Amino acid sequence: MIPALRTTGLGVRLRRTWVLRDCSLAVPPGRVAALVGPNGAGKTTLMHAAVGLLSPTTGTVDVAGRAAFMAQDKPLYDSFTVAETLTFGRRLNPGWDDAYAAARLAGLRIPQDRRVSGLSGGQQAQVALTVALARRPDLLVLDEPLANLDPLARHDVMRSLMVEVADRPLTVLISSHVIADLRDGCDWLVVLNGGRVQVSGDIDDLLAEHLVLTGPTDLADGSTGRARVVEASRTGRQARLLVRGAPAPDPRWSARPAGLEELVMAYLRSPETAALPAPAAVRA
Amino acid sequence: MIWLTWRQHRAQILVTAALLAALGLLLLGSAVEAKLYVSGHAPPGCPGPAPACWDLAMALADRYDAVYTVFGWMPIVAPALIGAFWGAPLLGREYERGTHRLAWTQSVPVRRWLAVKLAVLGALAATAGLALSVMVSLWRPVFQRNDLFGNIGVFNMVGVAPAAWWLYAFMLGAAAGALLRRTLPAMALVVAGITVTTFTLFGLSEHYAEPARTVLSDATFLADPDARLVSGTWIDPAGRELTEPPAGLCPRRPDAGRSNRNQEAYERCLFGAGYRYAVSFHPPTRFWRFQWTEAALLTAASLAFAGLTVHRTLRRRV
Numbered sequence: 001m002i003p004a005l006r007t008t009g010l011g012v013r014l015r016r017t018w019v020l021r022d023c024s025l026a027v028p029p030g031r032v033a034a035l036v037g038p039n040g041a042g043k044t045t046l047m048h049a050a051v052g053l054l055s056p057t058t059g060t061v062d063v064a065g066r067a068a069f070m071a072q073d074k075p076l077y078d079s080f081t082v083a084e085t086l087t088f089g090r091r092l093n094p095g096w097d098d099a100y101a102a103a104r105l106a107g108l109r110i111p112q113d114r115r116v117s118g119l120s121g122g123q124q125a126q127v128a129l130t131v132a133l134a135r136r137p138d139l140l141v142l143d144e145p146l147a148n149l150d151p152l153a154r155h156d157v158m159r160s161l162m163v164e165v166a167d168r169p170l171t172v173l174i175s176s177h178v179i180a181d182l183r184d185g186c187d188w189l190v191v192l193n194g195g196r197v198q199v200s201g202d203i204d205d206l207l208a209e210h211l212v213l214t215g216p217t218d219l220a221d222g223s224t225g226r227a228r229v230v231e232a233s234r235t236g237r238q239a240r241l242l243v244r245g246a247p248a249p250d251p252r253w254s255a256r257p258a259g260l261e262e263l264v265m266a267y268l269r270s271p272e273t274a275a276l277p278a279p280a281a282v283r284a
Numbered sequence: 285m286i287w288l289t290w291r292q293h294r295a296q297i298l299v300t301a302a303l304l305a306a307l308g309l310l311l312l313g314s315a316v317e318a319k320l321y322v323s324g325h326a327p328p329g330c331p332g333p334a335p336a337c338w339d340l341a342m343a344l345a346d347r348y349d350a351v352y353t354v355f356g357w358m359p360i361v362a363p364a365l366i367g368a369f370w371g372a373p374l375l376g377r378e379y380e381r382g383t384h385r386l387a388w389t390q391s392v393p394v395r396r397w398l399a400v401k402l403a404v405l406g407a408l409a410a411t412a413g414l415a416l417s418v419m420v421s422l423w424r425p426v427f428q429r430n431d432l433f434g435n436i437g438v439f440n441m442v443g444v445a446p447a448a449w450w451l452y453a454f455m456l457g458a459a460a461g462a463l464l465r466r467t468l469p470a471m472a473l474v475v476a477g478i479t480v481t482t483f484t485l486f487g488l489s490e491h492y493a494e495p496a497r498t499v500l501s502d503a504t505f506l507a508d509p510d511a512r513l514v515s516g517t518w519i520d521p522a523g524r525e526l527t528e529p530p531a532g533l534c535p536r537r538p539d540a541g542r543s544n545r546n547q548e549a550y551e552r553c554l555f556g557a558g559y560r561y562a563v564s565f566h567p568p569t570r571f572w573r574f575q576w577t578e579a580a581l582l583t584a585a586s587l588a589f590a591g592l593t594v595h596r597t598l599r600r601r602v
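Going down the list, the protein sequences come from chains A and B. Here our numbering is used: the first residue of the first sequence is 1, the next is one more, and so on. Here our numbering is used: the first residue of the second sequence is 285, the next is one more, and so on.
Be aware that one or more of the hints could be misleading.
[What the hints assert, rightly or not] Pair by pair, the computed Cβ-Cβ distance ranges are:
no. : chain 1 : residue 1 : chain 2 : residue 2 : range
1   : A       : ASP187    : B       : VAL299    : 44 to 54 Å
2   : A       : ASP113    : B       : VAL299    : 20 to 30 Å
3   : B       : TRP357    : A       : ALA106    : 47 to 57 Å
4   : A       : GLY40     : B       : THR353    : 53 to 63 Å
5   : B       : SER421    : A       : ASP113    : 24 to 34 Å
6   : A       : GLY121    : B       : ALA403    : 30 to 40 Å
7   : B       : LEU310    : A       : ALA106    : 48 to 58 Å
8   : B       : ALA476    : A       : ASP187    : 52 to 62 Å
9   : A       : PRO257    : B       : ARG599    : 45 to 55 Å
10  : B       : ALA295    : A       : ASP187    : 22 to 32 Å
11  : B       : SER421    : A       : ALA106    : 53 to 63 Å
12  : A       : SER55     : B       : ALA403    : 21 to 31 Å
13  : B       : ARG599    : A       : GLY95     : 27 to 37 Å
In case anyone wonders, no lab produced these hints; they're calculated from the structure. Computed from a prediction, not measured in an experiment: that's the story for all the values here. Quick reminder that beta carbons are idealized off the backbone N, C-alpha and C, glycines included.
Between the sequences and the hints, there should be enough to build the whole structure, so can you do that?
This is how it looks when you write it as structure tokens:
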């Protein structure tokens with residue numbers, strides 16, 4: 001299966017600083033991939049490289065088919081009406097689906113004769129999303145699409161995106177700081193930290209592989225068997241470990257499955273660990 | 285892309301067209317009025333150089349000056365406006381609003397987006413400049429003026445000079461926007477750039493051709509008032525050029541106010557003592573040579589700025 005998006009050894013240097021280093025990842029087609037990481041991790045740069053706004057300094061980026069991009073802050077021409085914004089899309093994109101765009105906006109009750117500057121933030125996000133979707137892309141790249149939206153608009157945007165993904169073969173790469181927003185819609189996770197890919201994998205698989213162990217502190221210094229410790233923290237005599245893989249059975253540990261947010265935070269706090277699909281990384 | 289260019293820049297295009305149309309109407313009205321005046325008041329054989337025509341010439345000069353003061357500032361201000369409002373926002377505004385990330389991720393490549401915008405708007409700016417030139421050139425003959433070449437302001441409003449100037453200003457503005465990525469600083473850079481260019485070309489224009497030289501023996505000014513003076517030196521009776529006539533030969537008293545009576549008396553005294561005055565100048569017959577030289581310089585600079593704009597934009601898109 002050809003990945004919808006694949007980067008190989010991708011490195012990007014901007015003004016003498018390496019923003020991305022040796023990033024290799026592959027997102028299978030049809031997935032909704034969450035791209036998470038702290039500010040300055042390189043999320044936007046990775047997205048810019050994916051849609052061709054940046055040329056990689058090293059390595060390669062391959063997109064299977066057409067990519068559409070919705071940039072951070074959802075830029076649109078303020079002085080255009082919604083109808084003119086659609087004309088913009090039609091004039092600049094050969095494969096533009098005008099009937100779809102008009103129907104989608106009608107369904108969202110966004111009037112076409114209104115100026116973009118007169119729309120609410122949620123409506124602007126929907127117009128920007130419509131412009132990206134009406135290009136009939138194979139890969140949709142959304143940079144912080146939920147930022148600056150109220151909770152209701154966040155929910156609406158995510159839900160309408162899920163409807164699109166269900167209707168057609170579309171791969172989505174969506175970045176956010178807020179992991180909770182992405183939990184329901186996404187089925188693939190990419191964690192970017194300090195310009196490197198730390199995690200890339202199926203969310204269900206990742207959750208099944210990771211456990212949170214709690215037990216007495218002295219246990220934490222011993223071996224955890226085939227499980228690899230991602231993050232360890234101590235509070236008093238209690239130790240808490242987030243591990244990947246099956247630990248050696250020990251009744252003194254109490255184990256429970258890790259949550260997505262917990263898992264992401266554990267990796268971000270331990271930049272030297274990684275969970276990548278390469279077999280070597282899993283067995284190490 | 286043509287649609288997008290029109291939609292994004294129609295405000296500037298329409299305002300420029302409206303201002304040119306208003307100027308056209310003013311010139312048309314002024315020319316018609318002056319024609320009517322001439323047909324009503326001109327003695328037989330006028331306009332012409334005869335003394336009987338002097339009153340008419342004065343009346344026409346008054347009419348000409350009244351209208352000329354309205355748009356005489358155009359050779360320097362119009363390019364500044366074109367550069368600031370057509371050129372600077374072209375990229376500056378896109379970067380400022382972040383819309384470059386919208387425009388440049390559509391199916392149309394950035395290369396084409398930029399090529400269409402620069403070509404269409406550049407051609408429109410040059411055409412608008414040419415329209416100004418045509419209007420001024422049609423208006424001026426009514427007034428029997430003879431300052432097409434010597435008056436640098438008029439010179440830059442006729443012929444091909446305005447087209448080259450406006451194109452240059454637009455490309456300068458576009459390059460400023462590409463470099464600074466902000467509209468307002470780019471506008472400021474345009475105004476500074478146009479000012480510097482004006483004075484540079486003004487100084488440079490002396491060297492567009494080898495100056496003609498003539499030796500005068502009774503006055504320090506040329507018979508043809510439309511010539512451009514380059515320099516003048518005194519020559520003593522032995523034929524040597526002097527940086528300054530010898531002191532004490534003729535009495536030299538400073539002039540008071542705006543009178544130059546004492547200066548003229550001093551010069552008459554020198555001519556009487558056998559001194560002559562050598563003048564380097566460009567005769568008005570060089571009008572088109574100077575026009576094309578200036579247009580070529582400005583067009584070459586415009587192409588350089590266009591190249592810089594393309595280079596910067598393609599190299600660093602975000």
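(request) May I ask which of the numbered hints given earlier this structure violates, with the numbers listed in increasing order? (result) Violated: hints 5, 10.
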